Amino acid sequence: MTWTKKVLRVNLTEGSVNEEPLNMDWAAEYIGQRGLATRYLVAETDPACDPLGPDNKLIFATGPLTGTAVSTAARYSVITKSPLTGAIACSNSGGFLGAELKSAGWDMIIFEGKSPSPVMLNIINENAELVPADDLWGKSVWETDRLIHEKSGDPQTRVAAVGRSAEAGCLYSAIINDLHRAAGRSGVGTVMASKNLKAVAVRGTRGVGNIKDPARFMKSVAEEKQVLAENAVTGQGLPALGTQVLMNVINEIGALPTNNMQLSQFEGAHNISGEAMLEPRKSDGKPNLTTNAACFGCTIACGRISTVDRTHFSIENKPEYWGNSGGLEYEAAWAMGADTGVDDLDAVTYVNFICNEDGMDPISFGATVAAAMEMYEKGAITKEQTDGVELKFGSAEALVWCVERVATGEGFGADLGLGSKRLCQKYGHPELSMTVKGQEFPAYDPRGIQGMGLTYATSNRGACHLRSYTVASEVLGIPEKTDPAVTEGKAGLVKAFQDATAAVDSMGLCVFTTFAWTLDNMAPQMDAACEGDWTVDRLVEAGERIWNLERDYNIKAGLTGADDNLPERLLKEASKAAPTEGQVCNLDQMLPEYYQLRGWTADGQVTDELRQKFSLPG
Amino acid sequence: MQIELKLFSSLMEYLPANAEGNTLELNLSGTTSCHALIDRYKIPRDIVQVVMVNGEFVPPEQRETPLTSGDTVSIWPAIQGG
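Residue numbers (my numbering), protein chains in the order written: chain X, 172 to 789; chain S, 178 to 259.
Heads up, a few of these hints could be off.
What the hints assert, rightly or not - Which chain X residues stay away from chain S? Per the calculated CB distances, all over 12 Å, these:
no.	residue
1	Ser288
2	Lys310
3	Leu318
4	Thr376
5	Leu412
6	Glu450
7	Lys563
8	Lys652
9	Gly729
What the hints assert, rightly or not - Selected chain X positions facing chain S (in silico; Cβ < 10 Å):
no.	residue
10	Ala403
11	Ala411
12	Asn422
13	Tyr640
Unchecked claim - If we take Cβ atoms under 7 Å as the criterion, some of the chain S residues that face chain X in the derived model are:
no.	residue
14	Ser186
15	Ser187
16	Thr245
17	Gly247
18	Gln257
Calculated from the structure, these hints are not laboratory results.
These numbers were taken from a predicted model, which means no experiment stands behind them.
In this text, a Cβ means the ideal position worked out from N, Cα and C, and glycines have one as well.
Isolated chain S, as found in the complex (with noise of 0.2 Å):
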């Protein structure tokens, strides 16, 4: 399946060298899961604050989710402005 993976903020040290920006384009086989690709990048789960699929919030109880091919998934770390 097809994943757009975004990383912001002091994530995108999380990135692989082959990234572009802060964007991955993921061609993943099988299903995957919110939690699986910050696992995929060793994320430590704690500093992940802010998940998005497809601009959409999702709660730390749904990351376990099946992603669907096409998805964007976008993560911040604990962020905050004004």
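One chain only, chain X, in its complex shape (with noise of 0.2 Å):
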């Protein structure tokens, strides 16, 4: 088993709350999480709807081994239609909410409808209520999760919470759980605002007990723990500098993203990376990195948390910012640093800590606030948005300015909360809006990586590194080291990272896993702990079924093979680093050939072979 079976449906038109059976056929062939909450979504909603709209649905789901005893089962996704893109928004949160929820009893929290005023969901194991959050509402995610506690009493209870940019309607605001732990990506967090509700609350005390074979289950996690603590990444890499390692890497091979994508090298990326979080600052002796952190049965603790210097302009007259918080991992600290030029630790540290604190992608925001500064030197942009403000590539004030306006989108925030594809398009440079879809890019330079040129381009919820890791194997070699610089053989690297990634993501299980595991490590654990029968097999066609349900969303949505492309700047503009130097991205070399290998049309349509081959609904 491990599915609690009991699905909690949230109506917040009617102000109602019921509990519903799992459907066990869907889950069969879904898994949980990603998957089967996506299933859930093309059954109830019309993908044409609005996102912002009461017909959009909002689904907070676990998987079958979230809250169990398998390294890293800490996860939760959260799937709706995205209003930063128009297409399937997925996003994936550890912490501990996740694990509570399904120790409260419920792999599923289906929200519908639109509250006439501001509520909050309170869980406690079966129970679980509507309550008026009028008090919360115009909050920080920091201050709403202060209050929930305070009238919970109890310290365990976990919260997930929009801050006051959803509220104001920023397009890639994030869900933020326990604090710093975020459902980050695509603008979850404002459909959550949207319906008028601010926060969830979770105490759930009856464990997740139901393990089919639990003497073979708890043999097969201890067997793949010791696996984990045995790699070099996972048992030592990850813990000791974090994802931060890769700041320096990526600059060395000329691929890290600068000034808005103009450049693929950054002359400041020490003074962001790892390794700088770990050396000593001047003002007290002590590094910026306070110690490393682990999200809910998790072996590996990858996490960040940290401090930034008093004495930085920041924050030397807010003691409320003095203490330690969540961050940096890397795809914060290059969107915040090397792509708006800002080489200044503790600067982004502090706005990482305010897009946590009201809940916005620090890469979105980042990424758009680079677009702004590209238009802001261009002439596009002048001092009458900025109030007087040098919004200038590598400025550390306008990059905290940025975020404080965004967070609570008063003035240019406003503007800014657009993302950068609308803020670009307002001010007429519809060309430097560094977005697939609609959403900005990570912190690969698919002119030096080309794998991640692709997978940018097909990612299901816009531009994302998540969907298709392929850094793994084209920068650092596991399971094997292919050539960035080739377009040969991308495709199927590609296809096959997405579908094993999907089944991940619906397992209830961290990605981080699969640089020591793959699905034969995966496998015999599922198999021990859910009903029915595991094998790699099943969980690859699973993750290809999930793979063209997403897509089948998303031309329904009204997207075509069309909006698989990438922005010009990358395709004709050569990188000038020099170890990727003359290189473009060459997308057109791949992506017929991914195609061909998904077994699309030729213009990325699913066929009703494939409909048919995974049962997809018409």
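Relying on the hints, combine the two individually framed chains into one complex.
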């Protein structure tokens, strides 16, 4: 088992909360979490609906392994239609909330409709109720979390909330749980706020004990935890420097997008790197990094807990930010650092704190500021918009000014909250938006890492590195080294990563396990825990089914093969960094082969044959 | 020959005291190779994962290849991210 087989359906329009059985036929095909919740969304909503209207639904979903003893089984995902992209949104988060929800007895919460006034959902095991949240509206995530804990009196209550940015309509607002873990991408927080849903508080004490074969399960779990512990990446590398170890690597190979992707190497990369986070600072002799941290049940512990220098201009008069908090992770450090040309570690750390405090996706935020900076330098945005602030690349002061405005949506913050695509359209430079399907790029220049170009172009949720992380193979040699400069073989590599990742995201596990585990390590744990026979082949098949379901949703939402594209800058303006000099992303050499491998039509449509093969809904 | 050697992440502990940050500027007589540099600073070869010369990945079987004066050699242990 391990599915609790219970869904909590919350109708926000009516204010009703009801229990219903989980569709186990769908669970057998789509596993849980990402896959299963997408199946529900497809069944219950019109893909053409307004993402911010009452017809869109918002689903919090755990996987069958979430909350179990399997390492990293902390995960939950939020599935909805994205207001940023108009495509499927699926944002995955760690921390403790997912496991708590499972322990309270729920696989999934489906929010539908729109509440007439601000509410929050309070769950204590099988008891769930909507309660007024007028007192929380207008508060940051951190203040909301504090007030909910004050009321509950239970420090183990887990809270997911949206901040003021989402209330103000920022299109890339996140849902933050446990203060600094985020269902970060594609504006899932914006959808939550559009429903007048401020927070979800969960306390679960029932445990997750319904394991199919407990003895085999515990043996398998112990063996596979040993694999993670003995692997140099998951046992040593990630705990020591976290994802931030990548800053110098990606810069050295000439694939660190800089200044809104005009350049592919950043002179100040070291200053915002994982190594720099360990260096004692002059003011108090302490490093930026305080410690690493783990999500529920995780034996890797890649998370970063850090402080900002108290003498730094951003917080010298704000003692509320003198303590420890979450970050920096690599993607955030890149977006708010290299992509804006800012190499001030304290500024970037502070800005990351604010993204957590008021619930913004730091990747989209940083990349949008970068686009604004380029337009400022071109004269399309002027001091009239920025209240006199010089919005230039490299300005830490400008970056800090921007985050404080997006957090509340005031002034130019409302424009920055539109995201890069709409901002660039508004100011007459659509070509400067570094996005796919309206979502901002993460931290790898596809001119230097060809597979990531195809990854970005074909990602079902818009530009995203987590849908197929070919960096592992193309840069770091895991599971085997491929040449980042060539396109040959990348279509197959991307498809394999996409399908496997869809399965991992649907079981309740963290994708970082895949640096040491393959599906060969996961299937035995899944099979010992869950009813049905779970083999590697079945997981791969489920992954491919999920990918096609997401694709089909997007097509029905109005996207086409033409949306599987990259900005011209990456296709025509060659890299100027020495290791990748002269290279562009040769997407046209990979995309047709990718469609062919997927079994799609030449214009990227899912065929009837595939619908039949995977029993996709019509 | 002039070589710039950069050690990253946990390999920084193998740097001698005269290193600046994570970087060593070396002035060597005769020829050298990536493996020779790894051995010179007593870095166990089995903990080295990524070696780059001027930003280009050098697979293990090519780490004996002689370096050219002016090369930058960057070395990491097992790393990952995302």
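Glutamine 257 of chain S was flagged as interface toward chain X. Is the shortest Cβ-Cβ separation under 7 Å? holds (4 Å)
Hint asparagine 422 of chain X vs chain S: min CB-CB distance below 10 Å? holds (9 Å)
With chain X as the partner, please determine if serine 187 of chain S meets the hint condition of a C-beta pair closer than 7 Å. holds (6 Å)
A cut-off of 12 Å on Cβ-Cβ distance, and glycine 729 of chain X was said to be off the interface with chain S. Does that hold? At roughly 30 Å from the nearest Cβ of chain S, glycine 729 of chain X sits farther out than 12 Å, so the non-interface label holds.
The hint names alanine 411 of chain X as touching chain S; please verify it with the least Cβ-Cβ distance against 10 Å. Holds, about 6 Å.
Minimum C-beta separation from lysine 563 of chain X to chain S exceeding 12 Å: can you confirm that? holds (27 Å)
Taking C-beta pairs only, is threonine 376 of chain X more than 12 Å away from all of chain S? Label holds. Min Cβ-Cβ 34 Å, cutoff 12 Å.
Hint check, serine 186 of chain S versus chain X [nearest Cβ-Cβ separation less than 7 Å]: With a closest approach of 5 Å, the serine 186 of chain S hint holds.
Just double-check leucine 318 of chain X for me: nearest Cβ-Cβ distance to chain S has to come out over 12 Å. holds (34 Å)
Does tyrosine 640 of chain X hold up as a contact with chain S if the rule is Cβ-Cβ below 10 Å? At about 5 Å, which falls below the 10 Å cut-off, the nearest Cβ of chain S leaves the hint on tyrosine 640 of chain X intact, so it holds.
12 Å cut-off, C-beta based - lysine 310 of chain X kept clear of every residue in chain S: holds (32 Å)
Does the no-contact call for glutamate 450 of chain X survive, Cβ to all of chain S over 12 Å? violated (8 Å)
The structure fails to meet hints 5, 6, 8, 16 and 17 from the earlier list, while all remaining hints are met.
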